[in-house]
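**Q** If you want the building blocks of each chain, they are given just below.
There are 2 protein chains.
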Amino acid sequence: MKYVYSFGAGKADGSAGDKNLLGGKGANLAEMTSLGIPVPPGFTITTDVCTIFMQNRSYPDGLEKAVKDALHKMETVMGQKFGDSKNPLLVSVRSGARQSMPGMMETVLNVGLTESTVQGLIKKSGNERFVYDAYRRLITMYADVVIEKAGGIEPAEGEGIRELLEKELAQMKTDRKVESDTDLSAADLKQLITIYKKLIKSRLGVEFPDDAYAQLWGGIDAVFTSWNGKRAVNYRRIENIPDEWGTAVNVQAMVFGNMGDDCATGVAFTRNPATGENQFYGEWLPNAQGEDVVAGIRTPNPLNNANKTAHTAHLASLEEAMPGLYAELDAIQERLEKHYRDMQDIEFTIQEGRLWMLQTRTGKRNGTAALRMAVDMVDEGMIDSSTAVSRVAPDQLDEIMHTMIDPKAEKAGKLLATGLPAGPGGGTGQIVFTADDAERWKSEGKAVVLVRAETSPEDIHGMHAAEAILTAKGGMTSHAALVARGWGKCCIVGCAELNINAGKKTLTVGKETYGEGDWISLNGTKGEVYAGQLDLIDPDLESNRYFTQLLKWADEIRRLDVRTNADTPADAALARSFGARGIGLCRTEHMFFDPQRILAMRKMIVADNDTDRRAAVMELLPFQKADFYGILKAMAPNPVTIRLLDPPLHEFLPQTPAQITELSLMLQIPEDILHKRIDGLHELNPMLGHRGCRLGISYPEITEMQARAIFEATVDLISDGEKPFPEVMIPLVGSVRELADQKTIVNRVAQEVQEERGYRFDYLVGTMIELPRACVTADEIASEAQFFSFGTNDLTQTTFGFSRDDIGSFLPKYLKERILANDPFQSIDQQGVGALLKLGVQKGRETKANLKIGVCGEHGGDPASIHFFHKAGLDYVSCSPYRVPIARLAAAQAVLSEN
Amino acid sequence: MKYVYSFGAGKADGSAGDKNLLGGKGANLAEMTSLGIPVPPGFTITTDVCTIFMQNRSYPDGLEKAVKDALHKMETVMGQKFGDSKNPLLVSVRSGARQSMPGMMETVLNVGLTESTVQGLIKKSGNERFVYDAYRRLITMYADVVIEKAGGIEPAEGEGIRELLEKELAQMKTDRKVESDTDLSAADLKQLITIYKKLIKSRLGVEFPDDAYAQLWGGIDAVFTSWNGKRAVNYRRIENIPDEWGTAVNVQAMVFGNMGDDCATGVAFTRNPATGENQFYGEWLPNAQGEDVVAGIRTPNPLNNANKTAHTAHLASLEEAMPGLYAELDAIQERLEKHYRDMQDIEFTIQEGRLWMLQTRTGKRNGTAALRMAVDMVDEGMIDSSTAVSRVAPDQLDEIMHTMIDPKAEKAGKLLATGLPAGPGGGTGQIVFTADDAERWKSEGKAVVLVRAETSPEDIHGMHAAEAILTAKGGMTSHAALVARGWGKCCIVGCAELNINAGKKTLTVGKETYGEGDWISLNGTKGEVYAGQLDLIDPDLESNRYFTQLLKWADEIRRLDVRTNADTPADAALARSFGARGIGLCRTEHMFFDPQRILAMRKMIVADNDTDRRAAVMELLPFQKADFYGILKAMAPNPVTIRLLDPPLHEFLPQTPAQITELSLMLQIPEDILHKRIDGLHELNPMLGHRGCRLGISYPEITEMQARAIFEATVDLISDGEKPFPEVMIPLVGSVRELADQKTIVNRVAQEVQEERGYRFDYLVGTMIELPRACVTADEIASEAQFFSFGTNDLTQTTFGFSRDDIGSFLPKYLKERILANDPFQSIDQQGVGALLKLGVQKGRETKANLKIGVCGEHGGDPASIHFFHKAGLDYVSCSPYRVPIARLAAAQAVLSEN
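Protein sequences appear in the order of chains B and L.
Its first residue numbered 1, the first sequence is counted upward by one per residue in my numbering.
Its first residue numbered 1, the second sequence is counted upward by one per residue in my numbering.
It should be emphasised that the hints constitute simulated quantities derived from the structure, not laboratory data.
Note that the structure is a prediction, hence the values are computed from the model and not measured.
Errors might be hidden in some of the hints.
So the derived list for chain L, only partly shown, Cβ under 7 Å to chain B, looks like this [unchecked claim]: (1) Leu-688; (2) Arg-737; (3) Arg-773; (4) Thr-777; (5) Thr-799; (6) Phe-800; (7) Phe-810; (8) Ala-835.
We treat Cβ as the ideally placed atom computed from N, Cα and C, and that holds for glycine.
Model the full assembly from the supplied sequences, consistent with the hints where possible.
**A** In structure tokens:
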């Protein structure tokens, strides 16, 4: 077994393909070396060694010799000798896991500096201050990382060795009356080093080792040990990185960008990571170390002239300062990008006029840049369209589809509170506290933000009028969140810091109070609430050829159809413009909250006999017919799945005594009878109560009216030359006889309407699969169903026994302690809910091999869930209009991930 | 294919084994004939013919000839001729299905009487009145059954032909100024017949056929047609009898018990069906027809002297009146019982001094009789003990385990209302309307019935004090029902006719009002509420050797263990006396409602920091420890499964403003803060909310305290020389990490207690499987569980998406329209919930082949469900104490039914 992989001087034992063994960093260093790119020589100790070390707390036989041999190779390349007092080689010891875990593990730099090598290096470099500074840094890192952390010492709060050493440094600066570290002289640093060493001995009981090899092995131990450090373990839990992967250790010759004016350091991207423009982009600092660029103490210089801004125009670019080296760097970056066929994030150091590449890796980018790069690289012939499709994270599309707060304004803004990011995008407006106020202010031309403890269906008109919605309660699938997401409206929910007094019309956060008419701004993508009116930036989708092109490619790849959840013609048209080909869920209940209709609805509910109930229900027919006409037309000839009435009837009834009195007068029903009826409808667990098809079975006239409205609208459309295609969906079916009962009514009405009107039309009758029992008995249910649509929201509720409205009391702790990996209402629980779904698909198709099966829960717009649905063999997903492009992309990526 | 099976004169084509083909009646007539028992000759048309007739509305070729041939055989045996004007044979035409469907299908008697045969029969019998009466009866039955019903005529309400004919009969009696039918003369009857025939022609448009064969085929048609009559179809739905079974038709020579004083008729049982005593038991009437005995117009005579009571001592027994024939009958009944090896229900007729047996079938019996007969027959060597065990329906044990209202008193009582039979047995007491009153009155030595709209955990003490409980709301698994059943207490719930005014302390039913202190009596087995104080009969279990013996045999047969659900030492002891070997569910929450404890509980709930919460929780430790000491001791060395705290915390909080004010003072917490905390705990769907293990994860100190109480009690018991065996059950687990989290705490505490006290003890940690996700991921959960206990109540709720508390609004319609075959909370839904259970068992045992698995939902005491659990391979069922014997018997029958 080979434990150590060398690289240097154009030759490397490993390559980019060895990431599992060498970690990402080590594999890329090897690859760059082989490409002939100047990389400081070094070697990588494999992840296998980490595993052995973790298991046995000791290294395998032969490792020591292999390390020594590899070190000798480095010495040969560098012409230096490790631990040599005349011409010492210094090395860095860094971690490098298969997957990047930024900042989670430890690093020791400048390893190899001892009392004797320090002197040698001073002589050789002629720069005493530089050498003592490097020594000071080594001692600090070593004491912290190797002696304290890897030694398992747990200091009291604020008494970590690093903090104590930093205090001494600060004290020295005070004593010397200087501001900056760089103002300390070599003598100061030398004195400081003496103080450091004493402090380490007295505090940690161990001497700082004055032996290069001891330092090296200490560093290696510490890096391996840090794999099981608290931070790293937590990070792995969150990112689902297996413990057994382990980390590699990279030992590499030190190069210094801070040895003088012919030195420099910098970080760069092969293309602009914010815009995607194909322009070498980066920052550098003369006479500095890498950490100085990142730390942000000094404003870094622009890498080249094209990078200059008004802000940085006065600073010398590397292109200007070191044109030859810049040209060399530019050639290297171009080679790296072409080699890796993706935008690279690189680090470099210039030591005494010589360029060294320290790292290359795939660069992070925002949504706009990801899109542009993906499409550009196809145009440039660098990648094919499938690769382009796989390069953009679906959620990155979200960034470019919504109005956003201008990042500059946001940076300067005053953050008030943070809640759950329920509806992405940005919004700004004047605070209002009621739906009616929102509507009135809007009609006066004002922009408003509706602020409520929580919203209910009665607030719909105000939510629609508002630029953004902010609630103190509720989760990601609360009423406000669902409605806002459907409209693509900016929305933040569950913002517990808010203290809302709707009566007094005040909003208090901490000690500050805001009233009606005060401006606030919301970043719904992050869940952040700002004071005041911040500037917004509009998306420019139409002209975004990158967006259109990428999704066109995605459409060519994907197998899943994408539909939308939409309740209005406007939403249907919007979703269609985003690429939806059909409606997977048209809820019919929101239609009833319109003031014109709610009275008939309530009359229906409080009726105490079939005749009155039927009469009241039939009052709703013309309204529903008009609704369905519009929505079927907007989506024709694509299918529209219309779900029959689902929520429990009490949701439609007034709640306050005043409203009940009013209703009593309007319906001419005595108040006590009305109260009794309302009380009678009260349920302890409405989620598990009298709703879904149970309503249609109890009150067949509701089903009849809805079926008639759908089919009369269908006939009207046909006679108007359209090609509507309705799919009637029976909700909350748990046993086949429920479906059969409702289907009989729907088919009878369809027959009647066809005979009455003399038109034939096509339609389907199917069911929502949203109860565990429906999954388990899907073979029977399929015998009566023409399609299945999984309602994964409710299926998640019943499978887990979680109420969406009530999980706030324990879910945060569940996620924090990793009892659950994810919120199952956000991304489908593949193991539990998903297993039931798969069972339902399998059993359904046992009965009907070609049964059309889709999903219409919120998960239909979640990329991870879409991958699962693809694998489960569904025919389509349906999601809110603004998630449609995301779903199209995710569906394509699901296909690509199969290869 | 043979369509017609003859029997008569000691020879029969069929036998008792041909029930599927000949129906129960036909098969037994054939069997009796073959045994040499005098049976009037006849023939049976097979059920196959019924199927053909239903499909084609016509008979198969050859049937007509076969019927004629069979009729000729009858003629030969009887020495009479069908349709002959001199010596006519009369026949009956009766249905006879595979399974008895009493009264659901049609019969025509006296077939073969025409104008000419009537004259022949008069001459032959010399009894004109008898013949015209028989003719009148034939015409009535024929018009009703053959012409009207089988003809598909649907008369208006009250205008059925039978009713119209009865009116004419009544009119004739009025005209003749006589009271009874028998007072009408032959001439009167003759006149009536003329009226009848005219009325039939004018009303139904058809002549009554004056042809024997036409009558016979009309009768056969009508019986087959009645298989698909409304009543029969509904009955089959309810009893789950397949439509395709069909009925046979039995045509048999008429014999008459009403031709004179040498005639008689009777029904009898080979043993007493009420007591089980081995004593020939029955009733007879001289000169009467079978229907007269059943109709109850005349008081029937006792069959023999042993049957005589004070009431019937003056009536001549058959033994006295016709000693020879009685001896013959007695010999036959003995033969029949021995032949069938079971108690027989027989019908006989004596015509002109000759005994004819008309029917034998297995006799129905009550619980007491079933038990005694089963055991006696084993003692007599008639059957083996397995057969005895299979002879008693588990629910029949219920009858003999509870105090009952004396049937005589009940018969005379005044029925006020009917509700759901939630707790079997009888109870009587004075009405009280609050739990506190119940307790106080009881302490004054009074017997009370607690009457409430519904009960809550706060009523426990009053429910315990009451003789019986009556509620207006709630279903079979409501709080009142569950608690009462656990205690074996008489209880009626969901008695919607009651109008309870708790404020005024009145109970109104219809127009009658009862107040506090008024007596009422409840039959909880039937759900009937009576006015006044009715006499009760106590069960006498201890001395019931039949009960003990039968269950001993059952125990030898069954594979399932039987445990009990019990929360107190008293319940545990009771259940143990009923044969429970362990506790399958000990709920710990009921213990918290005790006034001494509830305050600490509430303190814990409203605590806003961990320190206060822990302090409050620990106040509960001594109480819980004492509870567990008692219950573990009562069941030692059998296992006791203790479920950790399960219900949502808000159930423990006060509800009314006054109670909140009181609590605020006691806890010295400002009222507004208390209100806020209570509001914060409010949940929209508490069933799916913050409960079960979610509590223990949020508040680990609760788990810790409960574990400590259990283990300290365990150690105390060991040091007292007992052998306790606790099993700690984590409720509402949906994913393995929940279980792992709680198990860690329990195991840590177990370790601590063992170290502190220096004792080792055994215990298990397992989980309740009551969520669909737990079933689907049972393989993972099993890796952390030492046992599974299915909580089928909650599993039913989540699988169906039904809330037990809320199904009242639609379940009745579901059952009525057969959308569901049964209330799934009463008997497990094998197809849906059961499929998930089986999946859970299979997956659990994939991980741990010997995993102990039980069930602790209410279904554990339901015989049909127990059969299912047996087949699913569970190790035990657990049920309320009074269901334990039922479960033992059902478990044995499950084994027997496998053969």
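**Q** It remains to establish, for every hint, whether it holds in the given structure.
**A** Status of the hints after comparison with the structure:
1. Interface restraint check: Leu-688(L) against chain B, minimum CB-CB distance 4 Å, threshold 7 Å, status holds.
2. Given the 7 Å rule on beta carbons, the hint for Arg-737(L) holds: about 4 Å separates it from the nearest Cβ of chain B.
3. Using the Cβ-Cβ criterion of 7 Å, the hint placing Arg-773(L) at the interface with chain B is satisfied: the shortest such distance is roughly 4 Å.
4. Taking 7 Å as the C-beta contact cut-off toward chain B, the hint placing Thr-777(L) at the interface holds, the least distance being around 5 Å.
5. A least Cβ separation of about 5 Å between Thr-799(L) and chain B falls short of the 7 Å threshold, and the interface hint therefore holds.
6. Hint status for Phe-800(L) relative to chain B: holds, with the closest Cβ pair at about 5 Å, below 7 Å.
7. Taken as an interface hint, Phe-810(L) checks out: its beta carbon lies about 5 Å from the nearest beta carbon of chain B, inside 7 Å.
8. At its closest, the beta carbon of Ala-835(L) sits 5 Å from a beta carbon of chain B; the interface hint therefore holds under the 7 Å criterion.
In summary, this structure violates none of the numbered hints.
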